[in-house]
Each structure stands twice: as C-alpha cells, then as structure tokens.
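Participant: So the protein sequences, as listed, match chains W and U.
Quick note on numbering: our numbering labels position 49 of the first sequence as 49, and the sequence is numbered without any gaps.
Quick note on numbering: our numbering labels position 146 of the second sequence as 146, and the sequence is numbered without any gaps.
Please note that a few of the clues may not be correct.
Given that identical chains are not distinguished, each listed pair holds provided it fits within a single copy or across any two copies.
[Stated by the list, open to error] List of simulated lysine to any residue pairs, SDA-like, C-alpha gap at most 25 Å:
#1 Lys-293 with Val-55
#2 Lys-323 with Asn-85
#3 Lys-323 with Arg-298
#4 Lys-336 with Asn-285
#5 Lys-2 with Gly-155
#6 Lys-131 with Ser-86
#7 Lys-256 with Asn-399
#8 Lys-57 with Arg-5
#9 Lys-293 with Asn-83
#10 Lys-102 with Lys-390
#11 Lys-256 with Gln-152
#12 Lys-390 with Ile-123
#13 Lys-2 with Val-55
#14 Lys-336 with Ile-301
Derived from the structure by calculation, the hints contain no laboratory data.
Everything numeric in this text was worked out from a predicted model, so none of it was measured.
There are 2 protein chains.
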Amino acid sequence: MKIVRIAELITNAKTLVEKNEIVTIKGWIRTNRDSGKIGFIEAYDGSNIEGIQVVYKSESTINFDEAKLARTGAAIYVQGNLNFNSRNSQYEIVATEFKTLKQSDEDFPLQKKQHSMEFLREIAHLRGRTKTMQAAMSVRNRLMFAIHNFFQANGFKWIATPIITSNDCEGAGENFLIQEDKNKPFFTPQASLTVSGQLNVETYAQSFGRVYTFGPTFRADRSHTNRHLAEFWMIEPEIAFIDLPQLIALEEAFIKNICQDVIKNCSEEIKFFTELHPEIKDRLNHLVSKEFKKLEYRDAIELLKKAVAEGHQFEDNDIFFGKDLASEHERYICEKIFNCPVFLMNYPKDIKAFYMKLNPDNETVAASDLLVPGVGEIIGGSQREDDYNKLMERTKTLNIDVRSIQWYIDLRKYGYYASSGFGLGFERLVMYILGIENVRDTIPFPRYEGKISW
Amino acid sequence: MKIVRIAELITNAKTLVEKNEIVTIKGWIRTNRDSGKIGFIEAYDGSNIEGIQVVYKSESTINFDEAKLARTGAAIYVQGNLNFNSRNSQYEIVATEFKTLKQSDEDFPLQKKQHSMEFLREIAHLRGRTKTMQAAMSVRNRLMFAIHNFFQANGFKWIATPIITSNDCEGAGENFLIQEDKNKPFFTPQASLTVSGQLNVETYAQSFGRVYTFGPTFRADRSHTNRHLAEFWMIEPEIAFIDLPQLIALEEAFIKNICQDVIKNCSEEIKFFTELHPEIKDRLNHLVSKEFKKLEYRDAIELLKKAVAEGHQFEDNDIFFGKDLASEHERYICEKIFNCPVFLMNYPKDIKAFYMKLNPDNETVAASDLLVPGVGEIIGGSQREDDYNKLMERTKTLNIDVRSIQWYIDLRKYGYYASSGFGLGFERLVMYILGIENVRDTIPFPRYEGKISW
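Assemble the whole structure, with the sequences as input and the hints as a guide.
Facilitator: The structure is reproduced here in structure tokens:
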C-alpha cells in the first residue's frame, strides 16, 4: 500500500473523501488520548505543521489496543479513510488499521504542555519535533530556496567561497583560528574561519558579472545577546558594472521577491507565527508593498539632532556627523520617523570598511545599510573602491596586513570598473520575518560561547 | 541605453538583426587584434562561455583608437548593431561606439596562450576569467541548483548542520581543531570542524521525514592526490521510514535527475568539456539512460576472485570476504565487469561505520556504495541502526566516545524507526561529470596542505 504524505492527503482531501479511498500514512504521535472505545491521535510526518488527526475505534480499528498504548513520539503506521470532521472543519483519518512501528520511551521530553524556548535549546536533538521549530525551519528552508531562485533567475552564479582562509575581511580580529592535532602546520600562514566571503567572491564578479556566495561565516564574539551567533549563514552577492543606487534597487527587489515567495509558499507557517507575533503581519506587508525610503546619512543626522532638540531622549543623545549610529538611532529613523524600511546612504569613511568606494567629497563612502522597523540594520552594502592607489592607501591607513590581501588589491589593476555588493545575515532575516525573539531559534544547532553538545 | 547581457543578445539575435536594433554591452576583453582600419575583440560578460566578437572600424566606430589600445582584461563598453557573420556562422557586434571603462595592466597574466591548470591554481584570484574555469564553475553552479530543485520538488527540507562541532562522525581523527586567540576557551569540550553533517541531520529526519544538508565539510588529510581536498561540499539527505533498497532507488533517481538537468541547462559548457574530455559524452549518457547495476558485496568478492583466478593482475590480488576494496577493485567491477554505475550492497560490518544497521546475518550491514566507471566510489549510503542497544554496543566496540554522541544514540529511544541516508562529495561529482582531472579545479579556492593565499 502506497504511503502518502499528510500534506498531499490534505491537498487532495476532497477527492479522497468523495471516492472513500483507503489511505496509508507513516509518521509520529504528537498527542494521543482515548476514552475507552474511541481514541484520537494527533499525527505528523513533517510534510505540514498541523499534521492530521487519526481517530481509532475499538469496533473498527485493527490493533485498537496497540493504538491506546502508543506514546507521544512513537513512530506509527495508519491505514484508513479520510473524513471531513464538521465540528472542527478539518480532515481526519478514521483508522481501519494501526501499527506502532517503534514505541517511544516514557521519558520523551516533548509532552503535551508548552515548553520554553530556553528548555528546547537544551534538547536541540529533539526540538525539531515541535511545531514551533518545524514552522521556523520550514520557513528557513523556503527562504534559502527563494534566495537561490531569485539569483538564478537573474543570471547570478553561486560561488562557494572558502571557510578556511588567511584573510580577515572586516579586520575585526574576532576570528577562530584553525589548528591541527599534529606538530607540523597544515596551512601557512595561520588559517582561520572566514568572517565574510566578500573578498573572494569579488574575484568571480570579474568573471561572471553577477555572483553570490551563500554559506556559513564565523565570529568569535563572546556577547550573549539575542542577535549574535558564532556561526551563521550569510548571503553576499557581488555585481560588476553597477553603482550604489543600482545596488540599492537590487536589494529592494531582492527583499520584496523573497518575502513574497515565503508569504505565498509558507502560508501555514506564517499563520502559525502570526498568532504568536501579530506584528509580523504588518511587517511583511510593509516589506512587499511599501517603497523603501532612501535617505542620506547626512540628512539622518539632522533628523536625529532635531528629535533631540525637540526633547526625544536617546540613551546616547550625542549626535554628530561622523557618529556610528547605535541600534536605538537606527530604529528611531525607520520606526518613528518613516515607519518603513530605510536605506541610509553615504556614510562617513571612518566608520566603514576599507574596501568601500570613496565619494568625490573625500569624506564619505558609497555605502548603504538597510534599516528595518523592529530590528535595525539587516543589510550592509557598498560600491567597492576600484582605484588601486586609493584602496592601497586605505588598507595601510587602517593597519590591515597588505600582504594577506595583495591579490585583492591587485584585482584593481585588471579591468576592475564599478563593482558593488551587499551582505545579509540569513538568521537575522528569518528572525525578522517571523518575529522570533532569539536568533538561536532560527538555526537547527546554534553556536555561541560555552558548552557545545550536538 | 539599456545594457544587455551577451547570452540574452544571442538568444534574441535573429530578431535583433532583423530589426537592426542598437545594442549595448559591458564586459571584458579576452583578446584584441587589429589590422589598421579594422579590429576584432573577443568580449565576455560572464553570461555565456564563448562571449561575442566585437568588430570595430576606423570609419564607423567612435573611439576607434581607444579600442585599439584596450588590452586583454580591460573593462569595456560597446554599442553597435548585431550582425550574423556567415564566415564563422556566429553573431557579432559591429561597434558604433566603444569606451574603455577601465584599462588592464600589461602584466595581466591571462594572455592569449593556453595556461596549465597548475599555473592557473597559482592565480586563483584571476583564473575565474578563463573559459575553462567559467565553464566548470557554471556547471558547478547549475549542479548545486539542480540538487536543491530535486530535493525541494520531493518534499525535502534543507537543514543547515553545524560546521563547528564536538563530535567526530566517522571517527577518522582527521579533524581540524578550533582555537581562539584568547586564553579563555570559547567552546567546551574542544570544538573541531565537521567531517559530516549526518549525525545532526538525522535529528531533523525524525521531524520532517525528508531532509538534507548541503554545506562544507573538512578533513585534515595531508594526502596530495588529485581527489582530496581539506575543505569540500557534501550533500547528505536523510529519510525516515525507508530501507536500503528504497534508498538506492532514491540515489539512482537523484543522480539521473541532476545529470539530465545539467545536460539540458549547460549545453554550452558540456560541449566545451566534451572537446577536452571526449569520454564524458558516454559517461553522461550512461548515467541518465542505463539502469544502475545492484550487486551484493559478497557476490562482488566472488567476481573479483574469479578475475584473479583467470589471470587478472591487481596491485593487490588478495581478495577475501571482509576486505575493504581498493579503488582498483571498485573500478574493475564497474568498468570491466559491468561498464555502468554499480551499487555494491551489504558490506561486512567491520569495514563500515558504527551507525550502520546490522543485518540479520550479524555479519554485514545495510550499507551501499555507488561505484562509477572512471572514478570508483562517489556515494556512500546506509540504513541506520535503529536499535538502541545494538548501536550502543557498536559505539563502544569501536572505542567511540559515547559521551559526545549520547544524544545521537538517544534518538533511538523516541520513535526511531527505519531511517536511511547517503553522502555525496559535491566536488567529486563535478569532477566526474566534466572529466576534470584534479579536484582542485572544481572549486573556486581549493584548500589543501600548504600555502593558503586567497
């Protein structure tokens, strides 16, 4: 008998009920309760979030007693007829036959009651079986696919940039070193885990024109916040022959496209999260339908000064041109002033990375961050410095080891015209779209300072 | 004037010629030669491999002299009319206007002559601009996308398994340790780079039923062969409720599907590589159209013994049940005996990993390798041991640290029925499909023992 996945059953439910066809599923028990002659199992197989109710009856279900004894977590086999239950307006399976394929121990930690996200993190090998994690990981999966679809449809090539590297793109000094268990060094010079694939992916933008890297990146950051991971996935496209305004247009089209995709393809999951976090409904609508605001950094400073003058209290009220804005300032701009996503553009060079293109004013760089209500910055992008001498000068000024990136600077010698790109932290995007409070719940096995168990 | 990518020009060439429309491209120079009044540039923008020829003429091209001086590697802007050149049966642009957007230095290393792959590896930041690397990375890109498409279309969820881990799945002891630049440990216990995502992804197979991980994995392997990388991408699907024969059927459908996809979507690249390596034509045809052979390990041993008895000389002629076959034996089976891909099944337990399901004979495990002509093993898969006690016993017998994987063994307590999965090394697949001789040329920035420059 062909096994059918629950999502497929529900899609074809009407026909299956009409034809009174026998269906067969394999899955697991979320809950099981019985009242003597009749029992109800909430079963799931991972093809949808809600699973399906299985009704078993002493009079008509083979192995009725076995069904009564099957515990939460058990793997089961159910054969029966699909039925529309008019009381809860849902489809259910009325079982003709039941089998426990593998019983679950009584100490299975995911019993019916609600668990805290903290508790679930302590059982990362089992938390994937909760609806919350299923919904989150399902959206994560779809977002990943939407991202690849967007880039592939637009002629981008995926380039795997190396995890093991000897350059430190951001110069933050927060990298994990790699060591091997023997006396002889494996790599020279000292290798570390990448903090960004940008420098490497820029090389292939000069080959394919449009490329992106999408892979894990690392920060040895000891801050225990709800926004930091030591290991996180990053999307970094790089495009030859475009400047900052064109980059910004691409970013907006990209965000709108992948959000629309998720709204369309993850309606069950979005509904689930909207019940937990009602604010995400507006958030998603904003993202797909409102035009994002474009604002000069210089003008943002004036707006913040005005807010302070008018009595708004920031934790840090010292606003001046040249300031590296804190999250409270960024959020004030996109939440209070504009109430929509805002591109901030042309930052002072001294608060931005060495590779960003110096503007003709010699004071600002062609960089832009995308600020979103509720979170703050989610994308950082820039046009890259294309002038060999200017790039070399910035590298030296910022005390970056030229030897380790001479190859990168050399790209500017060989037909390097305008090139622009951005970086988007994948987990922060998942967090933002679903209203998840802690980034540790957006990735199957989060990594942060401390115990590493799985 | 709208910039159009060359691939798009060629797709729409017939109409563009008929309408005599003006087109504009931006790209780079592969070669440039002129004979006084007329010049020819081979230009590319990465949207196809062959690029397009640009003809410039003193009588009709604005900036004719600039065009003459533009060097290999230079970024250029070309406006002109598309023309069908009947001498070489190709489309070309007859330039009305030319601009050098950014000149290339005279020492640009990729001049017209052919370069060895060894030389190109020494300039990994520039080799992406060669046709060979463009074709290889383009197929790599498409294969990645075909893999995601296959799994997504079949209801699998992508699960990111961690790079930083404290378990050593294969027990090979060849892992890179992670260290941070400070005195206080960041992770406890000692963390290392993953050698496989399997143990982690199995947890989510118990949630979604069908999952896969596709990400970088690592081996601190000092062998300098044409098949080994210290950092490589691996595809590892895991499926609940299926056994070894069903897994094998999935593997075959998977390989056939992604190869068909590449044949369909990378015809220019496959043509390019078929000229370099004519053997890949048959290879690809075999993969998509021939049914793969299924053979018991036990029977393979008999066939090899027979070959030796009949006079075939292996480097190692000592064939016996329990032997871990060498590449020469694997290749003999799939090349000489069957001349098609071969699934070898049910290996002796002592030459396979601890997590594989013990067969009722107590001697073999439900494991299978896929052997392919020209390479040998490309996939290793197995049904997993679902019995808690048997798995615990194998773990201890093989001296694997139980504490680090107690969570993995515990999965068997909570409804763990049949679960099966396989691992496929992505770079070896690219190598195989394109006939590339060295795996270092299948990944943008290869990592192996020694100097690390990019």
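Participant: All the hints need checking, so say for each whether the structure fits it.
Facilitator: Structure-based check of all given hints:
no. : hint                 : in the structure
1   : Lys-293 with Val-55  : neither (53 Å within a copy, 44 Å between copies)
2   : Lys-323 with Asn-85  : neither (61 Å within a copy, 59 Å between copies)
3   : Lys-323 with Arg-298 : within (10 Å within a copy, 72 Å between copies)
4   : Lys-336 with Asn-285 : within (18 Å within a copy, 61 Å between copies)
5   : Lys-2 with Gly-155   : between (40 Å within a copy, 16 Å between copies)
6   : Lys-131 with Ser-86  : within (24 Å within a copy, 63 Å between copies)
7   : Lys-256 with Asn-399 : neither (39 Å within a copy, 52 Å between copies)
8   : Lys-57 with Arg-5    : within (23 Å within a copy, 65 Å between copies)
9   : Lys-293 with Asn-83  : neither (51 Å within a copy, 44 Å between copies)
10  : Lys-102 with Lys-390 : between (66 Å within a copy, 15 Å between copies)
11  : Lys-256 with Gln-152 : both (16 Å within a copy, 21 Å between copies)
12  : Lys-390 with Ile-123 : between (51 Å within a copy, 23 Å between copies)
13  : Lys-2 with Val-55    : within (20 Å within a copy, 62 Å between copies)
14  : Lys-336 with Ile-301 : within (14 Å within a copy, 74 Å between copies)
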